[in-house]
Amino acid sequence: MNPRRKKRLATTLAVLVGLGVAVGFVLFSMTQNIDLFYTPSEIINGKNETGVKPQIGQRLRIGGMVLPGSVRRDQNSLKVSFDLFDQGPLVTIEYDGILPDLFREGQGIVANGVLTGPTTIKAHEVLAKHDEEYMPPDVAEAVGKVHPNGVGNKAAEQTGGAY
Amino acid sequence: MIAEWGHIAQILALIVGVLLAIIPMVGSYRGWLNWMQMARPLAQLQFLLVAIAFAALCYAFVQDDFTLSYVAQNSNSKLPWYYKVSAVWGAHEGSLLLWILMLCGWQAAVSIFSRALPLVAIARVLAVMGMISVGFLAFIQFTSNPFETLLPFYPVDGRDLNPLLQDIGLIMHPPMLYMGYVGFAVAFAFAIAALLSGQLDAAWARWSRPWTLAAWISLTIGIALGSWWAYYELGWGGWWFWDPVENASFMPWLAGTALIHSLAVCEKRGVFKLWTVLLALSAFSLSLLGTFLVRSGVLVSVHAFASDPSRGLFILAFLFLVVGGSLALFAWKGAAIKSRGQYDLMSRETLLLGNNLLLVTATLVVLVGTIWPLIHKEIGWGTISVGPPFFNLIFSILIVPFVFLLGVGPLARWRRQPIGQLRQKLLFAIGLSVSAGILLNAVFGDVEHFHAALGVVMGLWVVICTIQEILANQRGNDSLIKALGKMSRSHWGMVFGHLGFAISVIGIALTSTYTTETDVRMQPGDSQPLAGYTVRFDQVGQLQGPNYRGTGGEFSVWDGDRKVAQLHAEKRQYLASGSVMTEAAIDAGLFRDLFVALGEPLGGDAWAVRLHYKPFVRWIWLGALVMSFGGALSICDRRYRLARRRQPSQITAQEVAG
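Read top to bottom, the protein sequences are chains A and B. Sequence positions in the first sequence follow UniProt numbering and run 1 to 163. Sequence positions in the second sequence follow UniProt numbering and run 1 to 658.
Chain B on its own, in the form it takes in the complex (with noise of 0.2 Å):
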């Protein structure tokens, strides 16, 4: 009964959706207050449907109806309950009611939180977002419905959630990515509204700059999380592998890391203004391209969601209805857009752009490595993969000048910066960074290794740059902590950007370099070295879980004499699917993981066991936190609050005319 109201509760929230998506866009062009007053309210009222709709399938799970055919087939009635909540977004159709979800949320939000901002606009937004939500939500309602009911024969048990997902990993991974996602819709549904009106102004870009930072922050700790959930989850230690549906990821996040860059320049200089509307339609439009190769299952990839062909078809109709779209609006509104600013080949505004550069850059290999096997398939040249040796190459080679750019860009003038004046701080830092991390390298790595070398010098450049900048700001007699105080929160939070960046990049480094991985056989009492350690395998037993059985495995490593952890590494066979699943054990460290996991057995007490010794392997997560902390300084600057609490302007003529 529940879900039946879940389900008209989600047929109604697509006709608010239609309503949202005309009544305040049609009032802006006539000027009709009433109407552009409706957009608020109608986005909050999707919300609370798409919410109720939502809870209803949770409860759906909880109570093991087994009458949708979604909850039989995604769960099972001795799923322990937490699991049972997280596999609403197990598969693709409740994993797409997330994302509507998420998308209506963020619409209530920009509702609640936007009040300094004229009404014209507002309504345009929202409406925007009131469109995406429609094609949406159409297409879970026609495509891939989760109320979708077996009745009147229906399963006594489910088919158990996918063991892999049963893991605190995926129960935050999803909400977390598609939040990024979809927050991008919003940034998205700005960059339209100020084309419409083509008034894109510093206000605009103010007004834009804290919702894609939150946008770029949920997207960078879900793909962090998605990084770690796979390094323990999937058993074979790695922590990126440029599967299709991790690009799918990652292309958004470097199209919204330009995006937040150039809406910062156009925020305090007046420039870049097409280029920020063109990042900000890329972001939203790069999320939808892989919600695409997730969904319509083109791609080979380990994230293999359902494959239906209709499906794919919507998700490429409605992409290219928006793609299309917003590029013929922009060709169309664009060149009427002018940039005031002027500057000099030499300033932060060049350092800036040209970083921009390098992200789309990187955003179009990935972009074609991704695709290009599509293409290659279609064009009837036969079936090729593009492997992790071409993304490993062109991105080893686009993070040297992106890396030294980001060191500049901070230190320099906006407007003209003589490089005179940079040349001692700058030859300071690469002199320092460049002995620093050679010396670090051959102290306690090897010579030889130029990458980690190189990796340690890259994260100590930025390192220093940054330090350098902030020092900067001490002027006159002021002491250092007194200027440490008066700097502005979105200045800090560049601080930890760029910081938590150095971060991540040293890990990559270090780990990619210096891991040290041995497939072997083993027997209970055979002990193995390990980078220094010794791992003994001490003894294996029989497991009872609450939905599966298998076999536990007691690792315990030593270092000389001195017992340095106790590892507990599963082989689980899960009993309504039967598959078998390998848990990973793992001595966590910050300068050091090890890694133990059970492979197959090999008859008797013998079984392949995987060792890893995985160095700086938390830095690479440690870093985006960093930086996502960052970005939440940011979000929190004076400034924006400000905005917020101005009264809310009255609308003229000409604003709604505009």
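Looking at chain A on its own, in the form it has when it is part of the complex (with noise of 0.2 Å):
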């Protein structure tokens, strides 16, 4: 080999070693800080796919409707709790702080936070959409599964508008 073919050589196989190093850097990163999505019955039953189930202690995200008159609020502070529904089973969300402005009693939100108890979530974040009609397309499709023809279907179809 020449010396320019040697350099090129050098060149390549440092620029494939480094491009290896970074890939599976990005890859092992990645799976340290992805968040799963669980619905309420997820919780409970474990994932549709996999039928595997959050283990205390694990970040998540969760979404699902929030139960009418489940909403409890702290007289002193802004914690909040409140309950989360899909398919049947109820799955408590403790927050700290201000909900969205979108928060109502009845609609979907999604939440990230930590699993605390078996159905209980301590949330450090909490979403809801800026559309009225919008709802998180997961939740929509975990919603509309048991209401056909109820809110999740519609706003499954009507996610328009917002920017």
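These are calculated hints, taken from the structure and not from any lab test. Only a predicted model underlies this, so the values are computations on that prediction, with no experimental measurement involved. By construction, the Cβ of each residue, glycine as well, lies at the ideal position given by its N, Cα and C atoms. Be aware that a few hints might be false.
[Claimed, not checked] Derived DSBU-like pairs (lysine-lysine); straight-line CA-CA distance at most 35 Å:
(1) K338(B) to K7(A)
(2) K377(B) to K53(A)
(3) K6(A) to K333(B)
(4) K377(B) to K122(A)
(5) K268(B) to K7(A)
(6) K79(A) to K377(B)
(7) K79(A) to K563(B)
[Said to hold, decoys possible] Taking beta-carbon pairs under 10 Å as the criterion, some of the chain A residues facing chain B (in silico):
(8) M30
(9) D74
(10) L99
[Unchecked claim] Which bits of chain A does chain B cover? Going by a derived footprint, with three or more residues having C-beta under 8 Å, they are:
(11) 35 to 42
(12) 45 to 58
(13) 76 to 90
Take each chain as given, in its own frame, and dock them per the hints.
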């Protein structure tokens, strides 16, 4: 091999090795940083696809409908708790902070948090979509399964309008 | 009636687009001069037609023409006129028309400001842009027509524009962003034309550069505007969420940043040709991918636009056509293109290549993080979300070598740079930036906040290296002023681009580290400490706006006995849609923002109140503006104007055949 080719080979190898390391690292950190999405019934019965139940202490993302009448506020702080449902089982969300403008009883929300008990989640973030009619597709899908003509399905069709 | 004319103009624009895509392209292969000469007038005519369509739609909005379903869904007679105009691009159909208007605008601009370009090249560039415009005009015509009517039964009043969008930020953000997205179509078209002719030379790079820079500037400003808008309008004080739609605009920006740098190398040194072409193809493909992600509704996002399977499918097919077609062309023609220049391992070329690779890595990371949830779900592993921790982690790692190379690059020579000659400057810059960064952080912040110190060190490193590079221009007996005066505008462009980046890095590091956020329960009369200030909730009152009503909270901020700011935060309920909006009150400053937002009413006069203290948050957007200013300086460089003033080249038989 002439020196020029040698240099080229070295450069190519360096780039490939660097790329491999980078890809490995990215994939690794991604597995560390993804939040699995559950619905309330999946928390209790295990995920639909795999049947795996979340473990206590696990970070996760949950989506469901807020059970009307379940919102309980602390009188002296911003602590609040409410129940989420999709197909029956209830899961309690505890949160300390300001709920989004579109948080309503009976509406779909998504929360990020940690499972602290078999059916309790301590949320660090609660999301409701900007549009009244919008529902996260995951939630719409989960809820739509129970109410084929209900709220969920309508929301699944009508996601338009919000920017 | 006017709306019908708009619709007709839109259909005519589609037909003209088809002509533009075919006639000049065929002419360029056959060597038919008059066919090639059709390119310019056709491009300008198409722009005119799309402009008519767009103006007609604006007119329909201003006149409250609710016979158009798009107007009925996104406007309301009570809306102030300026929001009626901005409502044109407030939802899917209209924003697509705006996108096409921008595309045709670029097309017309290319046809006007490229007199120096050989006719073959201009014919092909405009034909490629014509093809893209056909794709989008067909898309709008067949799947999302803003001129669709509700006749004979139309509503008396419209459903109103989404309140989030009733804001100055939204009037400006989408047009800038689209101008950037679509601007990369010019670089794309130039790259395709160059591949077709097999002539990838310095001249090609010189022609593409100003257009690419213009697109990059628009995208930079567009993203900054979006971030600023999210910060004050969404009401929770964040400025970047790693939301799929943000990522969609960030990917072309990263690729575009790599592109403007590799174009510079290509123009000056004649190397990296294939790499540059690949970047030009990627930048536009990523813009298209972004459009697909946003429009198809496949991703969960705060920017949930209309999701309609046929729309998603159309864009996906178009995306495959563009990406597949251009990559196939690249594979077929690319092999014949040789870079002539040579360079050593230690040279400015290598350093620039290094940063190009880092930018591409960052692009890929964002791409993977954005579409991984999609893939994960399709495989059947369930729904997941890839959140900010992932992106933050990777970016805080990637940025360190990136900033290091960014500092060294401009100091190094082209072709060959013995390390010994740089040692002194680099050691000086490292020593000064590290010690000053740590010292500043220790004095004004907290010693243990490593990230803040690192951010300041990186910012200072770029600033010091940049200053050293400027000073190095002083040679012989010239005074410094004279030496500075001799620097070309594109050189100054680089200086400002890099300084702007440093400003943003410092802003990001300090804001992320030192922000204080508290959510508290407050009643009128209550006081709350916030980062050394005291925030007092003075009173609440009722509000009555043109198309909303709500509650206003008066807050005053005190530094000891001195009143710093009077803030007025609002909670609005829009009448037509019933949606609730938070209008945050912000006391902005160069070194800190004070941010107050009303959360939810807690019974009686008590409110959940959000109080933020955000140091240096303005620097993030200020940096983006300085970067854009740098880009603008580069465009104004003499050599691009000289290239324009030169006589139009004669078309030789060889060029035609090529």
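Okay, the hints, checked on the actual structure:
1. Distance check on the hinted pair: K338(B) and K7(A) sit about 18 Å apart at the alpha-carbon level, within 35 Å; holds.
2. At most 35 Å may separate the alpha-carbon atoms for a hinted pair to count; K377(B) and K53(A) meet this at roughly 18 Å.
3. For the proposed pair K6(A) and K333(B), the alpha carbon gap of about 27 Å is at most 35 Å, so the pair holds.
4. The hinted pair formed by K377(B) and K122(A) meets the criterion: a straight-line CA distance of about 25 Å does not exceed 35 Å.
5. A hinted pair counts as satisfied when its Cα atoms are at most 35 Å apart, and K268(B) with K7(A) qualifies at roughly 23 Å.
6. Using a Cα cut-off of 35 Å, the hinted pair K79(A) and K377(B) holds, with the two alpha carbons roughly 34 Å apart.
7. For a cut-off of 35 Å, the pair hint linking K79(A) to K563(B) stands: about 31 Å separates their Cα positions.
8. Hint status for M30(A) relative to chain B: holds, with the closest Cβ pair at about 6 Å, below 10 Å.
9. A cut of 10 Å between beta carbons decides the hint on D74(A): the least distance to chain B is about 9 Å, and the hint holds.
10. A distance limit of 10 Å between C-beta atoms decides the matter here; for L99(A) the minimum to chain B is near 6 Å, and the interface restraint holds.
11. Counting residues of the stretch 35 to 42 of chain A whose C-beta lies closer than 8 Å to any C-beta of chain B gives 3; at least three are required, and the coverage claim holds.
12. For the stretch 45 to 58 of chain A, the proposed coverage by chain B is satisfied: 4 residues have a C-beta within less than 8 Å of a C-beta in that chain, meeting the threshold of three.
13. Coverage of the stretch 76 to 90 of chain A by chain B holds in this model, with 3 residues showing a Cβ closer than 8 Å to a Cβ of that chain against a need of three.
This entry satisfies every hint, going by the numbered hints stated previously.
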